[in-house]
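J.: Spelled out, the chains give:
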Amino acid sequence: MKYLRKYPFLGPLVAVVVVYVIFAILAPGSFTRAENLTTMAGQTVVVGIAASGMTLVILLGGIDLSVGSNVALSTVVCALCLKEGAPAILAAAAAMASGLAAGLLNGALVTTLRITPFIVTLGTMRALRGLAKGLADEQKIDAPSSGIEALVAPLPPGYGWALFPPGVWIMLATSALVAAMLVYTKGGRHIMAIGSNEATARLCGVRVERVKWLVYGLAGLFAGLAGVMEFSTLTVGDPTDSMGLELEVIAAVVIGGGSLAGGEGSVAGALFGALLMTVIRTGSTYLGIENWVQDIVTGGIVVTAVALDRARRASETRR
Amino acid sequence: MSGLVARGVAKAYGATIALAGVDFEVHAGEVHALLGENGAGKSTLVKILAGAVRPDGGSLTLDGAPYTPKDPAAARAAGVRLVSQERALCPHMTVEENVLLGGEPTRLGVLRREEARAIAARALLAIDPKGAKKHRLRPDALVRDLGPGERQLVEIARAITEPRCRLLLLDEPTSSLGADDVEALFSVVARLREAGLAIVYISHHLDEIRRIADRFTVIRDGRTAGTGRVAEATPADIVTMMAGRSIEDLYPRSPRVPGDVILAARDLAGAPLPVRASFELRRGEVLGIAGLVGSGRTELLRAIFGLDRVRRGEVRVGAYVGPASPAARLAQGVGLLSEDRGGEGLALGLTIADNLTLSRLFGLGPLGFVAPSRMRAAATRFIEKLGIVCAGPDAPVGSLSGGNQQKVALARLLYHDVDVLLLDEPTRGVDVGARAAIYALIDKLAWEANKAVLVVSSSAEELVGIADRIAVMHKGELGPARPVGELDVRAVMLEQAGAS
Numbered sequence: 001m002k003y004l005r006k007y008p009f010l011g012p013l014v015a016v017v018v019v020y021v022i023f024a025i026l027a028p029g030s031f032t033r034a035e036n037l038t039t040m041a042g043q044t045v046v047v048g049i050a051a052s053g054m055t056l057v058i059l060l061g062g063i064d065l066s067v068g069s070n071v072a073l074s075t076v077v078c079a080l081c082l083k084e085g086a087p088a089i090l091a092a093a094a095a096m097a098s099g100l101a102a103g104l105l106n107g108a109l110v111t112t113l114r115i116t117p118f119i120v121t122l123g124t125m126r127a128l129r130g131l132a133k134g135l136a137d138e139q140k141i142d143a144p145s146s147g148i149e150a151l152v153a154p155l156p157p158g159y160g161w162a163l164f165p166p167g168v169w170i171m172l173a174t175s176a177l178v179a180a181m182l183v184y185t186k187g188g189r190h191i192m193a194i195g196s197n198e199a200t201a202r203l204c205g206v207r208v209e210r211v212k213w214l215v216y217g218l219a220g221l222f223a224g225l226a227g228v229m230e231f232s233t234l235t236v237g238d239p240t241d242s243m244g245l246e247l248e249v250i251a252a253v254v255i256g257g258g259s260l261a262g263g264e265g266s267v268a269g270a271l272f273g274a275l276l277m278t279v280i281r282t283g284s285t286y287l288g289i290e291n292w293v294q295d296i297v298t299g300g301i302v303v304t305a306v307a308l309d310r311a312r313r314a315s316e317t318r319r
Numbered sequence: 001m002s003g004l005v006a007r008g009v010a011k012a013y014g015a016t017i018a019l020a021g022v023d024f025e026v027h028a029g030e031v032h033a034l035l036g037e038n039g040a041g042k043s044t045l046v047k048i049l050a051g052a053v054r055p056d057g058g059s060l061t062l063d064g065a066p067y068t069p070k071d072p073a074a075a076r077a078a079g080v081r082l083v084s085q086e087r088a089l090c091p092h093m094t095v096e097e098n099v100l101l102g103g104e105p106t107r108l109g110v111l112r113r114e115e116a117r118a119i120a121a122r123a124l125l126a127i128d129p130k131g132a133k134k135h136r137l138r139p140d141a142l143v144r145d146l147g148p149g150e151r152q153l154v155e156i157a158r159a160i161t162e163p164r165c166r167l168l169l170l171d172e173p174t175s176s177l178g179a180d181d182v183e184a185l186f187s188v189v190a191r192l193r194e195a196g197l198a199i200v201y202i203s204h205h206l207d208e209i210r211r212i213a214d215r216f217t218v219i220r221d222g223r224t225a226g227t228g229r230v231a232e233a234t235p236a237d238i239v240t241m242m243a244g245r246s247i248e249d250l251y252p253r254s255p256r257v258p259g260d261v262i263l264a265a266r267d268l269a270g271a272p273l274p275v276r277a278s279f280e281l282r283r284g285e286v287l288g289i290a291g292l293v294g295s296g297r298t299e300l301l302r303a304i305f306g307l308d309r310v311r312r313g314e315v316r317v318g319a320y321v322g323p324a325s326p327a328a329r330l331a332q333g334v335g336l337l338s339e340d341r342g343g344e345g346l347a348l349g350l351t352i353a354d355n356l357t358l359s360r361l362f363g364l365g366p367l368g369f370v371a372p373s374r375m376r377a378a379a380t381r382f383i384e385k386l387g388i389v390c391a392g393p394d395a396p397v398g399s400l401s402g403g404n405q406q407k408v409a410l411a412r413l414l415y416h417d418v419d420v421l422l423l424d425e426p427t428r429g430v431d432v433g434a435r436a437a438i439y440a441l442i443d444k445l446a447w448e449a450n451k452a453v454l455v456v457s458s459s460a461e462e463l464v465g466i467a468d469r470i471a472v473m474h475k476g477e478l479g480p481a482r483p484v485g486e487l488d489v490r491a492v493m494l495e496q497a498g499a500s
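In the order they appear, the protein sequences are chains A and B. Using my numbering, you'd call the opening residue of the first sequence number 1 and step up by one each time. Using my numbering, you'd call the opening residue of the second sequence number 1 and step up by one each time.
A couple of the hints might just be wrong.
As the list claims (entries may be wrong) - Derived, one-sided and incomplete: chain A residues facing chain B with beta-carbon distance under 7 Å:
(1) Y184
(2) T185
(3) K186
(4) M192
(5) A193
(6) S196
(7) N197
(8) T200
(9) L203
(10) C204
(11) V206
(12) G263
As the list claims (entries may be wrong) - Computed far set for chain A versus chain B, every beta-carbon distance over 10 Å:
(13) G130
(14) A176
(15) R210
(16) T304
Read the hints as simulated data drawn from the structure, not as lab findings. Where a beta carbon is used, it is the ideal one built from N, C-alpha and C, also for glycine.
So here's chain A without its partners, still in its complex pose:
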């Protein structure tokens, strides 16, 4: 109990392990093979990266519903750049820049118009989707092979020493960076403080508006990066891709101990939350469980995770 409190990500970690063991027992032998682990890690990359940004937003007491649209926009931008002959690194940078711009727009609307983030991002969710469709002329955009595909593809023979595809390492690196920022920087402290008690933060001289801007901008940047990873899987720019992704990302953060009231959340927890959903999906596929059952199970897990967290907290205060 004491450890759970200090390291809130232990809960979702235990859940991942338990679920994995259950599937390992039930599913045929191929589920536990190393390749499957690598594949599952690869499938977690998009949600995992976006969840880093979402964790910051939720810690702040906000929400970002535009993540899915932002990811789709990012795949379109990436594909368009490649089609125009841009090198891979430039296309990826452009995709991330489009994500950052969208995030900064969210931040600007939240801070200057003082509209609740739910409404702002509900609006930009629609608008960014429209922008993506417009840029892509309502079609999928084929792009020449550029090397970006290799980010989340299984490692080619001879590269086994890397353990995971590069995308997974990028996800781990961004998560580590964000987690370190939360603990070791002034900005991180200020994010926590605003989410915990915004009035207090303002009273203590925290530049609340600036921090919010920065956080929504970062969330957009991470969505852009997630979009590059999504493009790596799709190998095309697809304006209708990632519908509802934002809910999956929010679910990952919440399973990881995030509270929509702000002030609580963990980057590592969100990562395990994302992984948990992948394990359930993959395991269910191995067992031949139909898709609709998976949806029900995943939905149930979100609610159970939060209910367990509440119960734990209630037992703590009773002491």
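Keeping the supplied structure of chain A fixed, place chain B upon it in accordance with the hints.
T.: Chain B only, in chain A's frame:
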């Protein structure tokens, strides 16, 4: 001269004049009490000093230099720190993080952990030289695990982390503290005064002012009504200055005659408080429950009202015995006034009319529909009856002063026409004028309307003033109720501290 001098400070919000020209001086090394009824302009003055509000006119000087902070950060940089009435802490963060908030030492944006730890430790040591270890105020403790007294100390520690801190503003620092915590706070304040800080101390409690303050200034209707040395003024002088009139008798007492028992508890136990409580309450009677914060007084009322689980024992309302929910209690004619006015007692964003009629919305229109005009009419009636100062029945409750908010909360019980009123700290955060009005109302309810009133209060003086009988709660056990004739303030205080 070192210290802060304000001359002719004025501030208007639209047509409302909050400050009409206040003169005020606080010297280094003194505790200066700032007094005044709610709405007199104290809060506005404090906000101006803290840089949260900019004055329309007048001048401020700090240590001889002009002082015109443009925001709280600028005030802080000038060495002025506010410990506000709202507990301004981040509950999810640690003591150390809260103490340093907004002033974290960094290099290129990265925290300097060693230095941060040292600054926080120094501040915690300054408020508690006996060593932070003994008092549980560990730097890595989460603030949400702390009690109200400890939280208060964390806020003060935060205020004095700034080495340049010269002026400390304490806004009603004891309003949610128990007696022990008040003592700890006083010793901290005294220590800071010796260290040469100028301290502005706002409180409604004259006994506190007499103990801790050197001088006082009274503000009334946005102007300075008087100033002087605390030792040379009697409480009556100060109250007269605050009210603009002399309050002859704060506690009216009609010749009340107790009638039938209407509420009785027998061996009542909650989870975990109260441990055991038995009493009888009669119509036409005011029964006081004394006790320290945390002794289980509030829990007793909540258990009676059906808000908290009853573990053992029984509550009888009239002839009814058995389990009850708040809705059932209201139907039986029992109403509760919460101690947490802003959090639980009232919906601050809603209007007076909405709040007043919330517990009884039937009878406000045909077929169970609710006619806004009738809600407003009911609200207007009670606004006049209780003398609630407001813009009208459509004014949001959050826009009223504390005393007027409390009157709205009381008006709801009267509108519901309950027979038994359970009042938890009915005068918390309420100024002297409104307090007198509430005491008069309680007396009138018990005498003229033959209601039964149960009052929980931290102020022994208040209970001795208004109650017919007083029972003392100590560590969850409710003592026998005794007539006030056999008790005095000292006896009640001794008993609630467990010393008798």
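J.: Just pull the numbers of the violated hints for me, sorted ascending.
T.: none
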